[in-house]
Amino acid sequence: RKEVEQDPGPFNVPEGATVAFNCTYSNSASQSFFWYRQDCRKEPKLLMSVYSSGNEDGRFTAQLNRASQYISLLIRDSKLSDSATYLCVVISNTGGFKTIFGAGTRLFVKA
Amino acid sequence: GAVVSQHPSWVICKSGTSVKIECRSLDFQATTMFWYRQFPKQSLMLMATSNEGSKATYEQGVEKDKFLINHASLTLSTLTVTSAHPEDSSFYICSARDYNAYNEQFFGPGTRLTVL
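Residue numbers (my numbering), protein chains in the order written: chain A, 586 to 696; chain B, 445 to 560.
Note that these hints are calculated values from the structure, not bench results. Errors might be hidden in some of the hints.
Straight-line Cα separation of at most 30 Å, DSSO-like style, residue types lysine-lysine; simulated pairs [what the hints assert, rightly or not]:
{"id": "1", "chain 1": "A", "residue 1": "LYS630", "chain 2": "A", "residue 2": "LYS664"}
{"id": "2", "chain 1": "B", "residue 1": "LYS464", "chain 2": "A", "residue 2": "LYS630"}
{"id": "3", "chain 1": "A", "residue 1": "LYS695", "chain 2": "A", "residue 2": "LYS630"}
{"id": "4", "chain 1": "B", "residue 1": "LYS485", "chain 2": "A", "residue 2": "LYS630"}
Here are a few chain B residues that face chain A, going by a calculated C-beta distance under 8 Å [unchecked claim]:
{"id": "5", "residue": "THR476"}
{"id": "6", "residue": "GLU548"}
{"id": "7", "residue": "GLY552"}
Some chain A residues well away from chain B (every beta-carbon gap over 12 Å; in silico) [as the list claims (entries may be wrong)]:
{"id": "8", "residue": "GLN591"}
{"id": "9", "residue": "SER617"}
{"id": "10", "residue": "GLU628"}
{"id": "11", "residue": "GLY639"}
{"id": "12", "residue": "PHE645"}
Computed from a predicted model, the values in this text were never measured in an experiment. Using N, Cα and C, we set each Cβ at its ideal position, and we do this for glycine too.
Chain B extracted, bound-state conformation (with noise of 0.2 Å):
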């Protein structure tokens, strides 16, 4: 199947503090991508929807200005978690549909963000 990336796996940072993460599709190509996140013990959670070229859109109860989305790229979409706080610590996972497979939907490995 297709493959996603995502990086960093990890990262610890200080309340405050912005971090970025990458989400990649390596061999096809995606108009769409989007944005999870998943506390322990839960489902995951759709932040929002990334479309190449235009803006993304946010589920509701999801600060835009806070997680700031850009999708540059066929291949690329970035999540970027600003003023992190302790409440922000989770697993942030981005997915990738190929239209050519049946809506299929295809994971990255996840981001597990800590704030301290």
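Isolated chain A, as found in the complex (with noise of 0.2 Å):
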């Protein structure tokens, strides 16, 4: 089993639609969680942070279930700009710092 696993995708959406991305991780001593997102060619950048009471920045929220291991991130009012790929990022610190990334969920949002 993958340490973080996330649903490829692709997801194609119409614009102005919804669309949630859910990630799982295997290690429940896992202390800080990420969503990033990252162009095609380009490095990844951060979208926002989880924490266990939810975030929400805009159009975008994120939650932390801790007792399933998972976080999910929300899309509302989808736009062209947000196609990417979404990358579930999870953070451990058990026998050292290590940061392991989900490979990532691919968005296309269609005009």
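With the hints as a guide, bring both chains together as one complex.
Here you go:
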């Protein structure tokens, strides 16, 4: 089982749609969680951190469920510019600081 | 957010040559930097963790004698791909950890290496 698993997609949605991504992680001792966005041939860029209480940034909402060991990202009112790969990132500090990337979920937003 | 630079942004070299890639944190000190490799349509794969003033920690399957890492200062880490071969062609990305930013990692823009 992979340490961080994501649905690879692709998700093809029309503009204005709401889309949700899930990500599961295997290490229950994981400490920090993030969603990154990566455009084609570019480096990943931080989209948002994920907290147990959930957090929202404009059209984006991230949730963490420690009991079930999954995190989610909800995008409302999708824009064409949201088309990208979304990476789930989990950081643990058991036996040393370690960052694990999910394989990413590809999103295509169509006009 | 913090800025990490990488140089060069792309390089084409002949098989057998060595290539050095620099990673710099521009506005913060990074005691830890990370080197990743990403093949087309695949996720980032951690190659090694670079610690300032000490030896790098390599992930399983990554040859430390082939991928030499030096982290001589708090703002600079270098990755040297020695005797590069076509299978080493990839997108190499570094990141630096900012302890003051809730464990956030800032990524460099990446270096695209093509070995002919």
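Comparing the hints with the structure gives:
no.: 1; hint: A:LYS630 / A:LYS664; in the structure: 18 Å, holds
no.: 2; hint: B:LYS464 / A:LYS630; in the structure: 24 Å, holds
no.: 3; hint: A:LYS695 / A:LYS630; in the structure: 22 Å, holds
no.: 4; hint: B:LYS485 / A:LYS630; in the structure: 17 Å, holds
no.: 5; hint: THR476; in the structure: 7 Å, holds
no.: 6; hint: GLU548; in the structure: 6 Å, holds
no.: 7; hint: GLY552; in the structure: 6 Å, holds
no.: 8; hint: GLN591; in the structure: 9 Å, violated
no.: 9; hint: SER617; in the structure: 5 Å, violated
no.: 10; hint: GLU628; in the structure: 4 Å, violated
no.: 11; hint: GLY639; in the structure: 16 Å, holds
no.: 12; hint: PHE645; in the structure: 16 Å, holds
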